[in-house]
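Student: One letter stands for each residue in the lines below.
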Amino acid sequence: MIRLSDIIMLSYKGLTEKKARALLTIIGVAIGPLAITMIYGVTSSYSDYIVNQIQGLGQNLVIVTPSQGYKLSERDLDRIKGLDHVVSAAPFYSTQGYLGGRPTDTVFVYAVDPDFLLKAITSLEVLEGTPPTQADVGKGMIGYDIAYDDNGHRVYSPGDVVSVTVYVSNSNGVSARRLNIMVSAVLAKYGGALFLNPDKSIFVPFNSARLLMGASDWSGILVLVDSPTNVDEVAREISDLLGNNANVISFVGIARIASSITSAVNFMTFAASLSAFAVAVAGIASTMITSVMERTREIGVMKAIGFTDTQVVVLTLFEGILMSLIGGAIGIAGGVVGAFQLASRGLTISSGEFFKVTIRTAPKFTPGLIGGVIGLTILVGVLGSILPAYRAAKIPPAEALRYE
Amino acid sequence: MSYIVELRDVWKVYKTGDIETPALRGVDLRVAKGEFVAIMGPSGSGKSTLLNMIGLLDKPTRGDVILAGKDVSRLSSREMAFYRNYLIGFVFQRFNLIGRFSVMENVELPLVARGVPRGERERMVLEALKMVGGEEEWLRKKPTQLSGGQQQRVAIARAIVGKPVILLADEPTGNLDRASARVVMETFKMLNEKGLTVITVTHDPEVANCSHVIYVIRDGRIVDVKPPVKDRCIASMGVV
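Going down the list, the sequences are from chains C and W. The first sequence lines up with residues 1 to 404 when you count with our numbering. The second sequence lines up with residues 1001 to 1240 when you count with our numbering.
There's no promise every hint is true.
The following label-pair restraints were derived from C-beta to C-beta distances [stated by the list, open to error]:
| id | chain 1 | residue 1 | chain 2 | residue 2 | range |
| --- | --- | --- | --- | --- | --- |
| 1 | W | Pro1022 | C | Arg21 | 41 to 47 Å |
| 2 | W | Gly1044 | C | Met293 | 49 to 55 Å |
| 3 | W | Gly1017 | C | Tyr403 | 18 to 24 Å |
| 4 | W | Met1237 | C | Met293 | 40 to 46 Å |
| 5 | W | Asn1175 | C | Met293 | 19 to 25 Å |
| 6 | C | Met293 | W | Arg1123 | 35 to 41 Å |
| 7 | C | Glu17 | W | Lys1230 | 23 to 29 Å |
| 8 | W | Ala1179 | C | Met293 | 33 to 39 Å |
| 9 | C | Glu17 | W | Pro1042 | 36 to 42 Å |
| 10 | W | Lys1163 | C | Val279 | 44 to 50 Å |
| 11 | C | Arg21 | W | Pro1042 | 25 to 31 Å |
Derived DSS-like pairs: lysine-lysine, alpha-carbon spacing no greater than 27 Å straight-line [said to hold, decoys possible]:
| id | chain 1 | residue 1 | chain 2 | residue 2 |
| --- | --- | --- | --- | --- |
| 12 | C | Lys18 | W | Lys1141 |
| 13 | W | Lys1142 | C | Lys13 |
| 14 | W | Lys1130 | C | Lys13 |
| 15 | W | Lys1033 | W | Lys1070 |
| 16 | W | Lys1163 | W | Lys1194 |
| 17 | W | Lys1033 | W | Lys1230 |
| 18 | W | Lys1033 | C | Lys19 |
| 19 | C | Lys13 | W | Lys1194 |
| 20 | W | Lys1015 | C | Lys394 |
| 21 | W | Lys1033 | C | Lys18 |
| 22 | C | Lys19 | W | Lys1163 |
| 23 | W | Lys1033 | W | Lys1163 |
| 24 | C | Lys394 | W | Lys1070 |
| 25 | W | Lys1059 | C | Lys394 |
No lab work stands behind these hints: they were computed from the structure. Glycine included, each C-beta is placed from N, C-alpha and C at the ideal position.
When you get a sec, could you build the whole thing from the sequences and use the hints?
Tutor: As structure tokens, this is what we get:
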């Protein structure tokens, strides 16, 4: 029984005989693993990031926003509160503004019942101070990145006043309004900036929207459901209730959509990479068939000195597998480098001017991904060399020794 | 008397379409253990085919090939490989060393097929190489860095490294100058004196004369058996 170390040595020696040809084949093999590793690494990390962010915002939460031209009312709110599985519901108003006189220092202002908000988004934590009550008009909770500058130095503490200019939309159009909000609490660092960026937000009691900003229309209604498993049902009932007058979204639903989009992208990547793998199989087959033909006499000698047909098959197969494994390793390494390069550019998600977020996250390489790519690579080697190996095994030794 | 090689009415017929070309026509041959046999004949007479039958590189169309008392004419290819590895050593006219391998790697090949551990292989390779007059410093060299005579000695070392009982040589001096041919035949004689059965195919009478008996083959039949002219053996003649 031939030893594994000898199989590796003989196969490696086989590759070194025609270095340029082997190198070109290896490069051909590397393309598939490179594409899969790079794209899967990046898309899975984005997918995880998006799903985690969305789920972190509250798996029990449903958001109802009015369609263009419709105004949500107290009646809508009462009807929603009356639905099964709805724990509570609260209207909210949101807008964008900037701190002090610096229009580049963008912040988001949300007017919502603070008590409801902290219950609905459990990942929001108060770092210092006390959240305002609904009656505390003029007070607010500020995000960590407002309370602290980029170097971590404190800018605002509880009791300080934050001056913010907000854009308010009403029946007369959009107007800018300057607000002075007393900081009652500072929120802990939240991280992430998808859909909601608490670190750059100011949360004020809902009444502030009308009393301080003069806003009369609600931006939407937040609905807290008793369990994530009932979110879909509640969302469907609200849709039935309000018809085309409102858009109903749940973070769980968005997470599911994000996940399925990523799965679709991954599937398309996989399908495209299969073409690269098919080309690699052809490349290895061509190289190995040529190699077997060139080595016909040598195969005859090996058989004459006692190598069995099976050993010849194993050696030929292993040479192909070794070639594809080297290609796979190069491809995976290149894919990792490429994924970091791609990820460093970030993924920008935008929706008009109001919403623009760039996700920067390290690519994710799971053992499953790397194992799968290696498995596919080995399969390429086997498929590419099986026919040449069979041909090599079937060469009659006496004939092979006469081969010129 | 028991024979190490026995061929009984061996026929080999090659078929190309409907055309049949007999290469061997009922050959009977018996070689005793420790004998040195030369097979001579013109080109196309069936010498190499006969050697292929003995060396289990080919199967007879008819007849029996018996090696070391076992009928090997109808073995599976796996069993034939096993017998080739353990019983037989081959030496070819063109050395047939593998160019990308070092001398060490070439000589150890039969042991690799057998699964012998590396340490033991190194010892056996060195022993075989020394037996054929090779030098340890050749081990790391590539075959092309050696002369023709040295390469043939490496090929002989490869043939004997697995301690076979039969050494088969197909025109072993055909690619060598007289001096190298003489060294090779001296090596064969020495190995034969140590008990190895040697069967060589040759055109060269001075090579054939180094054997104990010469079989002459023509048109696939053994037509003559004659004793060698001992003083015309290349191994006992001075270098010209």
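Student: If a hint holds in the structure, say so; if it doesn't, say that too.
Tutor: Comparing the hints with the structure gives:
1. Pro1022(W) x Arg21(C): 41 to 47 Å: The hint (41 to 47 Å, Cβ to Cβ) holds, given that Pro1022(W) and Arg21(C) are roughly 42 Å apart.
2. Gly1044(W) x Met293(C): 49 to 55 Å: 26 Å, violated
3. Gly1017(W) x Tyr403(C): 18 to 24 Å: Because 21 Å falls inside the window, the suggested range holds.
4. Met1237(W) x Met293(C): 40 to 46 Å: Once the Cβ atoms are compared, 43 Å apart, the range 40 to 46 Å for Met293(C) and Met1237(W) holds.
5. Asn1175(W) x Met293(C): 19 to 25 Å: Cβ of Asn1175(W) to Cβ of Met293(C): about 24 Å, so the range 19 to 25 Å holds.
6. Met293(C) x Arg1123(W): 35 to 41 Å: 36 Å, holds
7. Glu17(C) x Lys1230(W): 23 to 29 Å: At 45 Å between Cβs, range violated.
8. Ala1179(W) x Met293(C): 33 to 39 Å: 37 Å, holds
9. Glu17(C) x Pro1042(W): 36 to 42 Å: This hint holds: roughly 37 Å between Cβ atoms.
10. Lys1163(W) x Val279(C): 44 to 50 Å: 49 Å, holds
11. Arg21(C) x Pro1042(W): 25 to 31 Å: 42 Å, violated
12. Lys18(C) x Lys1141(W): Given pair Lys18(C), Lys1141(W) holds - Cα atoms ~19 Å apart, limit 27 Å.
13. Lys1142(W) x Lys13(C): 13 Å, holds
14. Lys1130(W) x Lys13(C): Between Lys1130(W) and Lys13(C) the Cα gap is close to 26 Å, so the pair holds against 27 Å.
15. Lys1033(W) x Lys1070(W): 14 Å, holds
16. Lys1163(W) x Lys1194(W): 11 Å, holds
17. Lys1033(W) x Lys1230(W): 20 Å, holds
18. Lys1033(W) x Lys19(C): 47 Å, violated
19. Lys13(C) x Lys1194(W): With a Cα-Cα distance of about 35 Å, the restraint between Lys13(C) and Lys1194(W) is violated, given a limit of 27 Å.
20. Lys1015(W) x Lys394(C): Within the cut-off at roughly 18 Å; holds.
21. Lys1033(W) x Lys18(C): Judged against 27 Å, a Cα distance of about 44 Å means the pair is violated.
22. Lys19(C) x Lys1163(W): 36 Å, violated
23. Lys1033(W) x Lys1163(W): 14 Å, holds
24. Lys394(C) x Lys1070(W): 25 Å, holds
25. Lys1059(W) x Lys394(C): 15 Å, holds
Hint check: violations occur at hints 2, 7, 11, 18, 19, 21 and 22; the rest are consistent with the structure.
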